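Undergrad: Sequence:
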Amino acid sequence: MSSRDFRFSEVFSYESLVHAVSGAVGSVTAMTVFFPLDTARLRLQVDEKRKARSTPAILAEIIKEEGLLCCSNFVYFYCFHGLKASWLRGQKSAPGTDLVIGITAGIINVLVTTPLWVVNTRLKLQGANFRNEDIRPTSYSGILDAFVQIAGVEGFLGRTM
1385 MSSRDFRFSE
1395 VFSYESLVHA
1405 VSGAVGSVTA
1415 MTVFFPLDTA
1425 RLRLQVDEKR
1435 KARSTPAILA
1445 EIIKEEGLLC
1455 CSNFVYFYCF
1465 HGLKASWLRG
1475 QKSAPGTDLV
1485 IGITAGIINV
1495 LVTTPLWVVN
1505 TRLKLQGANF
1515 RNEDIRPTSY
1525 SGILDAFVQI
1535 AGVEGFLGRT
1545 M
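According to the numbering used here, the residues represented by the sequence shown are 1385 to 1545, in order.
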């Protein structure tokens, strides 16, 4: 695919937007349902001295200590369908082509969403009562503050967790 064959009108089409929004809605639904389980899993992984018990017991402990209030698929689906429309331009898709387009969309997805997942993880761990003294607590006033602090301390290409 040469640069002159690439058409922005096909990447930014209504069909690509519909696929991206449906992927985002699916991701939001999954994150809403599984956020408590992911939080419990993450706390057990990070805090080695926390006792592993049943999931409801761990969640109850987190809620008791910290209170009740303790988008990546959009990028992938948008890139995949936009690149596919631009590359194929109405021709029939082949498995090899879909594989290359999927890999490209996956790379773009990882590059765009990894910083978001780092901030997500740090915000989930904020306010946790760790049993391990080696873990330093963090304090962020929000998502933007977390981005700024992480980028300032660790840099753009710093550690991812």
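Bear in mind the hints are in silico, worked out from the structure with no lab data behind them. Computed from a prediction, not measured in an experiment: that's the story for all the values here. Every residue gets a Cβ at the ideal spot worked out from N, C-alpha and C, and that includes glycine. Where hints are given, some of them may not hold.
[Stated by the list, open to error] Distance condition first, Cα-Cα at most 20 Å in a straight line; then the derived DMTMM-like pairs of lysine to aspartate or glutamate:
1. 1508 with 1445
2. 1448 with 1482
3. 1435 with 1517
4. 1508 with 1538
5. 1508 with 1431
6. 1435 with 1422
7. 1433 with 1445
8. 1448 with 1431
9. 1433 with 1422
10. 1508 with 1422
11. 1433 with 1517
[What the hints assert, rightly or not] Derived DEER-like restraints, expressed as beta-carbon distance ranges:
12. 1421 with 1476: 25 to 31 Å
13. 1498 with 1478: 54 to 60 Å
14. 1409 with 1518: 35 to 41 Å
15. 1476 with 1428: 24 to 30 Å
16. 1448 with 1474: 20 to 26 Å
17. 1440 with 1528: 31 to 37 Å
18. 1401 with 1483: 38 to 44 Å
19. 1487 with 1430: 41 to 47 Å
20. 1482 with 1398: 33 to 39 Å
21. 1406 with 1515: 25 to 31 Å
Undergrad: Going back to the hint list, which numbers does this structure go against?
TA: 2, 12, 13, 15, 16, 18, 19, 20 and 21
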